[in-house]
Amino acid sequence: MEFKSNIPIYIQVVDDIKKQIANGILKPGDKLLSTRELATHYTINPNTSMRVYSELEAEGITFTRRGLGTFVSEDINLVKRLKDEMAETLIQGFIEEFKAIGYTKEEIIDFIQEKY
Amino acid sequence: MLKLTKYEFIKSRLTLIISAIIFALFEGYYLYSIITESTKHTAISTALLTFFGIASIFIVYIMAIVTYSKELSSKSSYLIFMTPNTPLNIIFSKMLSILVIGIGFIIVIATIAVLDVHLFFETYESTQNIVDFFKSFLEAMEINTAMIIPTFIVYCIEFMINFFSIVTMIYFAITLSATVLQNKPFKGFVSFALVIIFSLLMAKIEEFIPHIYEYPTNLTQSVISIVPTMAFEFLVMLACIFGTAKLLEKKVSL
Amino acid sequence: MLKCENVVKKYMLTTAVDDISLNLEPGKIYALLGPNGSGKTTLMKMIAGLVKPTSGSITYKGQDIGVFSKSEIAYMPTESYFYSYMSCEDIGKYYSDFFSDFSLDKYNMLLENMELNPKAKASKLSSGMMAKLKLAANLSRDAKLTMLDEPLNGIDIIARDTVINTIIDNFSPEKTFVLSSHLVDELERIIDSAIFIKNGKYVLSGSAEELRQEHGKSIVDLYKDIYGGASYAKVN
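Protein chains in written order, with my numbering: chain A, 1 to 116; chain B, 1001 to 1254; chain C, 2001 to 2236.
Think of the hints as simulated: they come from the structure by calculation, not from any bench. The structure presented is a predicted model; accordingly, all values stated were derived computationally and were not measured. Any given hint could be a false lead.
Unchecked claim - If you anchor each label on the Cβ, the simulated ranges turn out as follows: (1) B:Ile-1010 with C:Arg-2160: 29 to 37 Å; (2) C:Leu-2204 with B:Val-1100: 35 to 43 Å; (3) B:Ser-1199 with C:Asp-2019: 49 to 57 Å; (4) A:Ser-34 with B:Gly-1104: 55 to 63 Å.
From the three backbone atoms N, C-alpha and C, an ideal C-beta is built for every residue, glycine too.
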């Protein structure tokens, strides 16, 4: 995975994991990689991977079982919540960008109908 | 330190192997001359062996000096100096390996020499009479022939200590050149001059060391009278070893 | 854990390290950055005990550099430093003999990963293979402070992954890694902190994340800013 330099690395990894949960690659209750495996997988610093998991845990997306590992939360609303959150962020930027190049609301909707 | 010594041996193995081969060749030639009872070949091979025997001791020490000098100026010194060993241990390991190799050479050469001499007398029986005559001659002069070998050994030890003190002095000078004098011009010349000066100084001091028996009447006494000189040279050796270690500890710059 | 205070190293014509002070903490991977000749290697050699500073002090866990520090610090030089007679196997034996934190099993495994023949002689290796061998030897130690001087130089792209993954695997909260390099892009993602040195002098340091936020650019671009001026003719 390529990293952008204007966003902290750990946030980019957190978002990547959120995406995987949102589209079902990772399911509620699934066991995630260990911090060491995560670091190797993304080629990031091990401290950063620890930070990724503390962040995910703080947001209630994952939980840790001592000695067993880190797991995706079993909250049934989790997937929907993440999808909604991420969609919200994406749509803001999306609408702004299209407005900036002169698209009206109807033109945007037609465009999506055509392209999806 | 023993592990360091092990690697010092391994590093010298090329010299050892070449020396062994040359020695084996000369010895083979000698044995051939004995079998064929050719006085001419025996004479030549004896000369070769004697020459080689003496030269090999010098070779051991020259190689030790050259190796050390090259090591301090090359990257392979990293290997030794990165290990958790004090510089003193490092120098001791080098001295120990030189000592063991030197003694090893002497023992091998001496043993082969004794065997060769034995073979010589067995083959050329007439010469035994000359030796017997010479022995009686010495006894008539009240020289204890049984003491000759032990005396020879003691003189060998004195020779080794003398040699060692010079080797350690040279090590000190090389180290000086590689550390304190590293950035100064003419460092090679300065260290060389220092060795000469120290050697002359040492010789001068030795003139003043008392000989316990001014005129030794027997071999025991002459042995005892060189003990003070030996002790002095031993101290010089220790001073140089500790000096070298101190330089390496404080001023190493690889 | 490792403290350098006002360290200076002068040679006949140059000052290689000019009054550098820094503090290395356990559990971090540092990048020591700067072009060739900036003093990185000299600094690392002083920490490794191969060179004594002209002035200033270096302490490891409160003690001067010496036998104890050498037992816990691993330094990988840029040059080939093995005796020419040594084979890869011999080098493993040497390290086992002198470093209690060396794992022969790990070493053999790394040799295999990097496709190095244990019987091959150091003097016969290509520069790429030698680079891998040096890494194998030093990464098989469990040193508390591991300093790798230009670890990715001469390493092919596939082996780079092995190297970086081994560094990540070796990591633990009690250990410190210092990777000196001018190939910043490869290292940017795995470092905690960066230290920039120029002409023997300290320029800048800090956590990688903070440096990126503060300066609004990647460490790579920051590097170009700091050192770029010297190599390009300025327009104005």
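Take the C-beta atom of B:Ser-1199 and the C-beta atom of C:Asp-2019, compute their distance, and say whether it sits inside 49 to 57 Å.
Because 43 Å falls outside the window, the suggested range is violated.
State, for the Cβ atoms of B:Ile-1010 and C:Arg-2160, whether the hinted interval 29 to 37 Å holds or is violated.
34 Å, holds
Hint says 35 to 43 Å; check whether the CB-CB distance for C:Leu-2204 and B:Val-1100 agrees.
54 Å, violated
Using the Cβ atoms, figure out if A:Ser-34 sits within 55 to 63 Å of B:Gly-1104.
56 Å, holds
Consistency with the previously given hints fails for numbers 2 and 3, ordered from lowest to highest.
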